[in-house]
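A.B. asks: Chain by chain, the residues:
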Amino acid sequence: MSDTYTFDTKDLKEIENIIAKYPEKQAAVLPVLWYAQDKFGHTDSSVQKLVAETMDIPEAHIHGVVTFYTQFYEKPMGKHVLDVCTCLSCQVCGGYDMLHYMEEKLGIKAGETTPDGQFSIQSVECLGACGYAPMLQVTNDKYVNHLTREKVDKLIEDLKAGKKPEFESMKMPQHVNGSDK
Amino acid sequence: MPEIFIDNIRYEYETPGKVLQFMLDNGLDLPFFCYHPSLSIPANCRQCMVKAGMPIFNRDKGTYEIDEEGNRKIRYFPKLMTACSLDLADGMVIHTHHSDELVKQAQADNLEFILINHPLDCPICDQAGECPLQILTYKYGPEGSRFEHKKVHKPKAVQLGPRVILDAERCINCTRCVRFTDEISKTHQLTIVSRGDKNYPMTADGEEFDDPYSLNTVDICPVGALTSADFRFKARVWEMNQTPGIDMSNGKGCNTWLWTRDNLILRITPRFNESVNDHWMPDEARLSYSRFNENRISRPQIRLDRDEQVPTSWNNAELTFREELDKVSPSQILVLGSPHASVEDNYSFRKFFEEKGVNEFFYLPHIIPGSGDDLLLSDDQAPNTNGVNALGFRETDEAGLKKLIKSKKTSIIAILDDDILERTGLTAKEFSGSFTVVLGTNHNETSLSANLVIPITCAAEHAASYVNVDGRIQRTIPAKETLYTNRRLNLEMSMSRLDHYGTKFDNWVTDANRVDCIPAWEFFTRLGDEQTTPAYHSSREIMEEIAGRISRFKEVSYDRMDDENGIQLELKQNTEVNTV
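Chains A and B supply the protein sequences, listed in that same order.
Residue numbering for the first sequence follows this note's numbering, beginning at 1 and increasing consecutively.
Residue numbering for the second sequence follows this note's numbering, beginning at 1001 and increasing consecutively.
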């Protein structure tokens, strides 16, 4: 199976550089997996095996790391992966509404990919953006905050047109000390 | 000496260590799941929490600060500490659930968390009865469940490997199994997958958990998540009794527990011995229990003509043996001891023939080079190679044996429990010129080709000693009754509830599983000449005699073996192969 995926000499050099940055090679598992996912688009079991063999780290350990993080894709995913947060804050602010709206719109369930291979939806745990809930993340990259149905529609149209969302700087509500005002 | 106060009682300690281990060593109780003395300490079950503090030391004055009542002032850690990972420190004060309400509450609350997704299937769970989660919940847990929601469901009855089955819902993620494969067996086959309430131990995709030590994870699993494919659903632990034993499948001589019900050995688990096997045991050794139950020789067998062996009486067997012996001269008798038989059996075997005038004794080592590893599997497949060697049997091999048969023109070949034909290239033809006597436990190629077969007790049925590859002598205790022994009368044997109260008239106990056999030494005692051979009453007496006569076994006794968990002998390994 692992013949399908191989690292060429350039990749191996790159991985060597990544490993060299850390005192122990186990610490380099995450960045190497990132590298593999960037290259192959996912980290399914054959990619896990490849990474394990390349790094000489037990395959079971790599498997454990991949399954721990929803950001690593255990199977081939669509071109755009929409990670909708359904953790506590987003849930309270309507995370599931957004998720279900998206599911309906794209005609797939969370964890599935559209037949044309364009979109995948995942329901994920906290992405650390509770202040702008509900939110989603596009393919492990930019966040889309304060989701509304209109925003979701626009996002999907943009993505279909090949336009990725821009980084949006969010201003945190400033802590106001009572004595100042 | 440094001191520590646990629940207001003062203890002294010599060596640095962890609080939990110190408490366990001192017989104090504290609940825990993930801690295991032979594994690393992740402190992830959070069950062993205690309130811990240190006396306040005034550096300027060089004294401890004292409160109004004259006691040392204690500065407690701001939160409860896990005792398993907390180092002992001089003057440390520990409060457990016995003296602190907060700790008591914490233990109950933590258990409540652990139990939230744990299925309530104890009635059908194999672990019930020997389950730390069950026991600790009774002792420390909350009384009922407040959880009104649907529990998280995970994979059930997953065949992790050929010998281990996983029920992921029961798992409490203590990671003992993962640490075992990482630290002890070093196969790194397991990991915890996923996270939060969805996680459970698993192998990598498409991999099998075929670790040669995989069943140890079943032992250390504190819940019923990992169960043995072999033992699953066979018996309830409270119906079995357990007897200390020694592993017979291997030269290492792992210390074991033999678990019996209705006089059948149903499983073998490791027994802690720091000097031999620690808490572990290879899978192969565990699954070797069937040889104690199945295919046993029961009643003496005698060959009437070329093809047929029939059962006969003990009297007839003894008479036949005596007649055959009287016919021949001692030089024509070939005596083969066995690395598979005990020291006592080999000794009485040798002694009997010595008195008949035989002066050469041989054995065939059972060694498969490369089959061992550096943990608990040895190349030596027999439990007593060093023992038979130390008794003065000379090592020989297949070619040597052929030569011996030819040069001696043997008329009688006496073989102590050893399937020589199966494990060498020898055939029954080589033995066909002689009257072959086999003293054996199980039917095998060698016993089937014999002219006379004497059934003898196996390691699960007698008290006898074995010397392992490292020269450590250890002894067994009978776990199974033979036709001639009885649990109630032999005070060394253990009794389960079922053994106590079961009768052959109920549905659970049969009288069928008793083998008609006697220890080899007893057979020779019966045959022996009353004038010269002192009659032995027990193998204990034989070991006393051996200890008095053979310098290598000096000061060895059953009492010492029991007290010290085996005795290290001073042995020089005899590697010289005797080719005659």
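To be clear, the hints were calculated from the coordinates, so they are not data collected in a lab.
Be aware that a few hints might be false.
Label-pair distances were calculated between CB atoms; the ranges are [claimed, not checked]: (1) A:K39 <-> B:I1116: 34 to 42 Å; (2) A:S169 <-> B:K1156: 28 to 36 Å; (3) A:R149 <-> B:P1155: 33 to 41 Å; (4) A:K39 <-> B:S1040: 57 to 65 Å.
Below are the SDA-like pairs computed for lysine to any residue, each with C-alpha atoms no more than 25 Å apart in a straight line [as the list claims (entries may be wrong)]: (5) B:K1154 <-> A:V65; (6) B:K1554 <-> B:R1540; (7) B:K1186 <-> A:S45; (8) B:K1151 <-> A:S45; (9) B:K1198 <-> A:C87.
What you are looking at is a predicted structure, and each value in this text was computed from that prediction instead of being measured.
Positions of the beta carbon are idealized from the N, C-alpha and C atoms, including for glycine.
A.B. asks: All hints, please: hold or fail.
C.D. replies: Evaluation of the provided hints:
1. A:K39 <-> B:I1116: 34 to 42 Å: Because 40 Å falls inside the window, the suggested range holds.
2. A:S169 <-> B:K1156: 28 to 36 Å: 48 Å, violated
3. A:R149 <-> B:P1155: 33 to 41 Å: 37 Å, holds
4. A:K39 <-> B:S1040: 57 to 65 Å: 34 Å, violated
5. B:K1154 <-> A:V65: 19 Å, holds
6. B:K1554 <-> B:R1540: 14 Å, holds
7. B:K1186 <-> A:S45: 22 Å, holds
8. B:K1151 <-> A:S45: Status violated; Cα separation ~29 Å.
9. B:K1198 <-> A:C87: 15 Å, holds
Checked against the numbered hints listed earlier, the structure breaks hints 2, 4, 8; every other hint is satisfied.
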